[in-house]
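Order-wise, the sequence lines are chains A and B. Note that the working numbering has the first sequence beginning at 252, numbered continuously upward. Note that the working numbering has the second sequence beginning at -14, numbered continuously upward.
Just so you know, not all the hints are guaranteed correct.
Estimated spans, in silico, between C-beta atoms of each pair [claimed, not checked]:
#, chain 1, residue 1, chain 2, residue 2, range
1, B, R59, A, E399, 55 to 61 Å
2, A, S747, B, T0, 49 to 55 Å
3, A, Y296, B, F87, 46 to 52 Å
4, B, R59, A, P362, 54 to 60 Å
5, B, Q149, A, D488, 31 to 37 Å
6, A, K600, B, A91, 36 to 42 Å
7, B, D(-2), A, G499, 49 to 55 Å
8, B, E80, A, E680, 47 to 53 Å
9, B, Y3, A, E399, 16 to 22 Å
Derived from the structure by calculation, the hints contain no laboratory data. As the structure is a computational prediction, the values presented were derived from the model and not from experiment. Glycine residues also receive a C-beta, built at the ideal position from the N, C-alpha and C atoms.
So you can see what is in the structure, the chains are spelled out below.
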Amino acid sequence: MKCDTFIEALSARVKVLEVTRQCEDQVTALVELNDLPEAVRFLYYDMGGYLSTMIPNDERSINKHYALYYALSMEGGKMFEGDEIAQDEKCFVTIKALISPDSLTYPSVTPLVPACVWYEREAYDMFGLVAEGLPDKRRLALSDDWPEGLFPLRKDAMDYRYRPDMKDHYMEPEYEFLRPEGSGIIDVPLGPLHITADEPGHFRLFCDGDTIIDADYRLFYQHRGMEKLAENRMNYDQMGYLAERVCGICGYAHSIACIEAAEKAINLEIPARAQAIRVICSEIERLHSHLLNIGLACEVTGNYNAFMHIFRIREYSMKLAELVTGGRKTYGNVVMGGLRRDMTGVEIKESLKILKIIETQADEVWDAVMDDQRQMKRWKGVGILDKQVARDFSAVGPNIRGSGIKRDTRYDHPYDFFKQIEFDVAVVEGGDVFAREMVRYMELKSSVSIIRQCFELMPQTAIIVDPKFHVKPENYALAYVEAPRGDNVHWIMQGSAQKVFRWRCRAATYNNWPSLRFQFRGNTIADAALIVCSLDPCYSCTERVTVVDMKSKKSKILTHADLKNFARTQKESPLKDLR
Amino acid sequence: MMKLLDISKKYGDTTHKYPFEPYNVAKNFRGKPAYTFDLCIGCAACGIACPSNAITVQFNDDKSKLVWEFDCGRCIFCGRCDEVCPTGAIRLSEEFELAVKFDKSALIQRGELEVQYCTQCQKPFSAKRLIKYSFECLSKANVSEKRLEEAKEYLGVCPTCKKQATVANFTSGKEMVIE
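Isolated chain A (complex conformation) (with noise of 0.2 Å):
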């Protein structure tokens, strides 16, 4: 059977105390709670695995402990070529260690394998589990004025509609950014005020004159506390289309995600049609998230001829979601055992009519691109993500495509239809913008063949199982879809009553922030911005920035319009007059 090898190798590390497996890719390792960092690191680094996500998990009324579960997609480390596992080994395997609740504390991974680091973080805020030895002990998600002591989702903690008094703005506690040492450093905050395009984040920039020597972000401004809300009151017919309302980009990748993670939880197996029109959604999905991110990278350089006609080609694509699932954006079509809507001949003609049209006239407005030196030269160089920073980080999606590193799980671990479509995954060397931006375009035509060989490939048979179907409690499995921006991870665990235990629900770029503070050293704060934004996690800007010379105290508020200007033209440097 698949991760039998990597469950052998782990038992001759360290003492494997029991082994699960969840259905045929995915197993689970239960180890002593020291051993922990250990058996993470010796999988990660050993035998090229790479975190999807950790969860976690009050288990208090199963066997009266905590539990925490580290999922490593056993695929390879990719640093060089044939360093990668052979596509019939490829599998998750899950670390679990379980904490009793008298001591709340566990031995830090993170010094071990960096890509942990937010997930121990978000550990403390949501169960109050202590991760010894981690350097950086923050708080992640919830808010700074949130009261001490009180660990949302513990199951004996608070009623899902509680909400905390908020303290005045002067009572808050400060929030400590983690600085570099030295004099002459400028403070550049970037957010978290009127956020004019989609998301709210709160970027330190750390400067010496325009360059970057440093950064230091926090988010969830807009934590909303779902995972509390689908434990407490939804059902598995809600849930899709609560998951559908994670993103607003690949919301449908997060309903996917979400629904076959519960089914894998029950090995419930969904007919051909539905697999291959799954596919098709999230594909489209691609299509209109991609050319809005080439986009956005060309409107930020200021660049607006060539934004205008990517968005008006990315219509194209919002015309083509709204003629086969009868919605632009949200297809609400995904339930538990299948889909709700099937596609009709007709609409097939359509679409096939849709895709030819975006595809040449993609063609056309890229080689205009490419051709533009000064676009060029805003784009290359720029925001380099170095490939060991992104082995290390666990980076997904475009990002670590970019970086060289060939991970895509429609090719490392093909769920749904994928096993019968051909496709070769991008990848891109340099690291830089500009291989970021190439990955999106060549996924942009892949996604266009990918449509096509459904529509040719997919069986006339029903969309949707007989739903004779029971949940089991305690029956718990992960599912993972590659989503414009990397893949979404979600892992459920089954309760009674037709309701989830445990929904912790990871959305691509959680694992690509991490790795942002790399990719903003040494470059100028006019492309600050470009850099975010190429990351494609919604570009976030602001309305105004404070700027704070430390040396000589001044400040100087600027306005989203200043900074904007100055990353478009990169002339006449907001901050000369402090310097």
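Assemble chain B onto chain A, guided by the hints.
Structure of chain B alone, referenced to chain A:
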């Protein structure tokens, strides 16, 4: 740069004159659910199917009317109500212009249905139209005249009274004959 201008020239105007001309959506677009009061029988299937609780079906305060209420602000346009409605009273429309100015109550749509009182305990328990609809379904179902006469009786009895009557029949030794 010049290439982009060439492309602009090639494709010309791509914008619509919306709102000065109508914007056509795809044939199976999932827009605002449209409600036809005359067809609604108050069965509450849509209220149960609705994942976001946008549709509620409940008695008003003095239980004189069964109120069907739809809050468009909560609607996620999934179309489950459309799927389950037995009479086609609720169908997704092509309407997408849903913005309201300040007054959120404009998003709410209501339908008040006459209630059916139980012939035994006189308490309201369902909508008149639902009872009528059930009887019509039975009439078309090829059952005997006698059964239909019986149905007229028991359709007007609320579930609680029905339960009590059944228990009373069993305990008093009366035989229930089901044809």
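Hint by hint, here is what the structure shows:
The beta-carbon spacing between B/R59 and A/E399, approximately 35 Å, falls outside the hinted interval of 55 to 61 Å. A beta carbon spacing of about 54 Å between A/S747 and B/T0 agrees with the range 49 to 55 Å that was offered as a hint. Between A/Y296 and B/F87 the CB atoms are about 58 Å apart, so this pair departs from the stated range of 46 to 52 Å. Distance hint check for B/R59 and A/P362: the Cβ-Cβ separation is about 47 Å, which falls outside the suggested range of 54 to 60 Å.
The beta-carbon spacing between B/Q149 and A/D488, approximately 34 Å, falls within the hinted interval of 31 to 37 Å. Between A/K600 and B/A91 the CB atoms are about 40 Å apart, so this pair conforms to the stated range of 36 to 42 Å. Checked against the hint of 49 to 55 Å, the pair B/D(-2) and A/G499 fails, with Cβ atoms roughly 29 Å apart. Checked against the hint of 47 to 53 Å, the C-beta distance between B/E80 and A/E680 comes to roughly 50 Å, which is consistent with it.
Our hint of 16 to 22 Å for B/Y3 and A/E399 is violated, since their Cβ atoms are close to 53 Å apart.
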